[in-house]
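**Q** Could you put the whole structure together from the sequences, leaning on the hints where they help?
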Amino acid sequence: MININTKEITETIKMIRDQHLDIRTITMGISLLDCADENPEAACRKIYDKITKTAENLVPVGEEIGRRYGIPIINKRISVTPISLVAAASKTDDYIPFAKTLDRAAKTLGINFIGGYSALVYKGYTESDRKLIASIPEALSTTDYVCSSVGVATTKAGINMDAVKEMGEIIKKMSDMSKDNDSLGCAKFVVFANPVEDNPFMAGAFHGVGEGSSVINVGVSGPGVVKRALEQVRGEDFGAVAETIKNTAFKITRMGQLVAREASKMLGVPYGIVDLSLAPTPEIGDSVAYILEEMGLEKCGCHGTTAALALLNDAVKKGGVMASSYVGGLSGAFIPVSEDAGMISAARSGALTLDKLEAMTCVCSVGLDMIAIPGDTPASTISAIIADEMAIGVINQKTTAVRIIPAAGKNVGDKLEFGGLLGEAPVMRVHHHSAEDFINRGGRIPAPIHSLRN
Amino acid sequence: MNAILSVMGIDQKGIIAKVSGFLYENDINILDINQTIVRNIFTMVMMVDLSASKLEFGEIADRLNKMGDEMGVEIRIQHEDIFKSMHRI
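Respectively, the protein sequence lines represent chains P and X. Here this note's numbering is used: the first residue of the first sequence is 1, the next is one more, and so on. Here this note's numbering is used: the first residue of the second sequence is 1, the next is one more, and so on.
Treat the hints as calculated values from the structure; they're not laboratory data. There's no promise every hint is true.
Claimed, not checked - Computed list of lysine-lysine pairs in BS3-like fashion (alpha-carbon distance at most 27 Å, straight line):
1) X:Lys66 / P:Lys14
2) P:Lys173 / P:Lys100
3) P:Lys265 / X:Lys13
4) X:Lys18 / P:Lys7
5) P:Lys7 / X:Lys13
6) X:Lys84 / X:Lys54
7) P:Lys318 / X:Lys66
8) X:Lys54 / P:Lys14
9) P:Lys7 / X:Lys84
10) P:Lys50 / P:Lys100
11) X:Lys18 / P:Lys14
12) P:Lys398 / P:Lys356
13) X:Lys84 / P:Lys246
14) X:Lys66 / P:Lys7
15) X:Lys84 / P:Lys265
16) P:Lys246 / P:Lys107
17) P:Lys14 / X:Lys84
Unchecked claim - Computed footprint of chain X on chain P; a stretch qualifies when at least three of its residues, placed anywhere within it, have a C-beta under 8 Å from a C-beta of chain X:
18) 58 to 69
19) 249 to 258
We put the CB at the ideal spot given by N, CA and C, even for glycine.
**A** As structure tokens, then:
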């Protein structure tokens, strides 16, 4: 066959057909800075018009590309400028109409999610940040597609502990407000350290102020493909494991790069980045945990898991960077518990604990993701979990996040069922000793020193 | 535009005849063809040129998929660039 042989063609087809290889998302970032208006109604109108005009072809183009290359494109999404910046000029205390406007635009366009109902408060709050954050529980319980995030810490600024305290409180509130829906509101909300401006993945996507007026970012997937490739090198040393992951990540990313370029050309919007993250889904055979187990661990979460994940995360980046001219976003391996069949199984069996997950987040992208905890966990304990995770990000100069779900009315042994890509989450145990006095101190944990690194 | 057409499934008579008949009727030229049968599983990979065809790509894909369903085999057609990008630097 001209240039490409039958073996390579069959390999690609098997990746797509049997190993769940897909493009997880084409995300269009749209700046809303020019939509600010003193009159909140005028601002909402401008926001709706700008989003629906800029992204009017996003869904048809995504479908067209999927068909042309025979590759499933699972999500078409939009990220926007953090709404706390856009709404700051408006004379209003009520930000809910902004959330509803985003939701309405998402529905008009037929996209899967819209991210950016967000605020960045790592150094301090503006009035607008306060209003937005206070409105998050209601905004996420009364909309379908809106996702929200708050940046509370960076390596340069330290950790805003007032914000960390408030995050625990609003997560609790959100869990109660969406309790009839398995506390789903919390699954659409992320707390960040070192947030990135070009992340195409939800719930944490927003369009940063350093970005252009619009941009196309693409997130690839493919844990199943990596798992299958590793089955071919059972018993071989770690050199062979790393090499196999790199080769596979290269191929996956090349596909992402092709889709990103094509989408950018067809939409007339610049191509931003490919995010190389290995994003699992609850489908059997599409799990990051199973990759770790394939390396020789009896169950994800046992001793050795952090080392296995570190190798995986690094090899994915090395393979992916070579395959794409622009790599960005979160890029690494995701470990969302509810969205990964292997993680769910490990958590249910007790092999995987919250403490082990915290250790794992030191060596992979994202952080404590899609973890259900008992509904009666105090807000201060949730804040303390967030503070720990933020500290890991700040000290290690990496992005970390917390997307945690207090399961209203449920306890260890119960589970939350979200369905679809969000999966199901067994409720995990948290430590019972109190961090209340620690969290109540408030103020800011100073930025860390960058020399004398140990 | 060149595309890769692949057929996979249980061997039976007439697969090549039906597929190539469809291609002929719709002015799609076969540039290369490779076919194997391993343990009764039929695999055929063709490179085809769509530039003379009057049908839209999506229409071609839909009709081939339907033909595959009728025969109980999987027929896919994909732009060649996905294979090139994945397997060539």
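**Q** If a hint holds in the structure, say so; if it doesn't, say that too.
**A** So, going through the hints one by one against the coordinates:
no.: 1; hint: X:Lys66 / P:Lys14; result: holds, 20 Å
no.: 2; hint: P:Lys173 / P:Lys100; result: holds, 19 Å
no.: 3; hint: P:Lys265 / X:Lys13; result: violated, 43 Å
no.: 4; hint: X:Lys18 / P:Lys7; result: holds, 24 Å
no.: 5; hint: P:Lys7 / X:Lys13; result: holds, 24 Å
no.: 6; hint: X:Lys84 / X:Lys54; result: holds, 25 Å
no.: 7; hint: P:Lys318 / X:Lys66; result: violated, 41 Å
no.: 8; hint: X:Lys54 / P:Lys14; result: violated, 30 Å
no.: 9; hint: P:Lys7 / X:Lys84; result: holds, 13 Å
no.: 10; hint: P:Lys50 / P:Lys100; result: holds, 15 Å
no.: 11; hint: X:Lys18 / P:Lys14; result: holds, 24 Å
no.: 12; hint: P:Lys398 / P:Lys356; result: holds, 18 Å
no.: 13; hint: X:Lys84 / P:Lys246; result: holds, 18 Å
no.: 14; hint: X:Lys66 / P:Lys7; result: holds, 25 Å
no.: 15; hint: X:Lys84 / P:Lys265; result: holds, 19 Å
no.: 16; hint: P:Lys246 / P:Lys107; result: violated, 39 Å
no.: 17; hint: P:Lys14 / X:Lys84; result: holds, 16 Å
no.: 18; hint: 58 to 69; result: holds (count 4)
no.: 19; hint: 249 to 258; result: holds (count 5)
In summary, the numbered hints that this structure violates are 3, 7, 8, 16.
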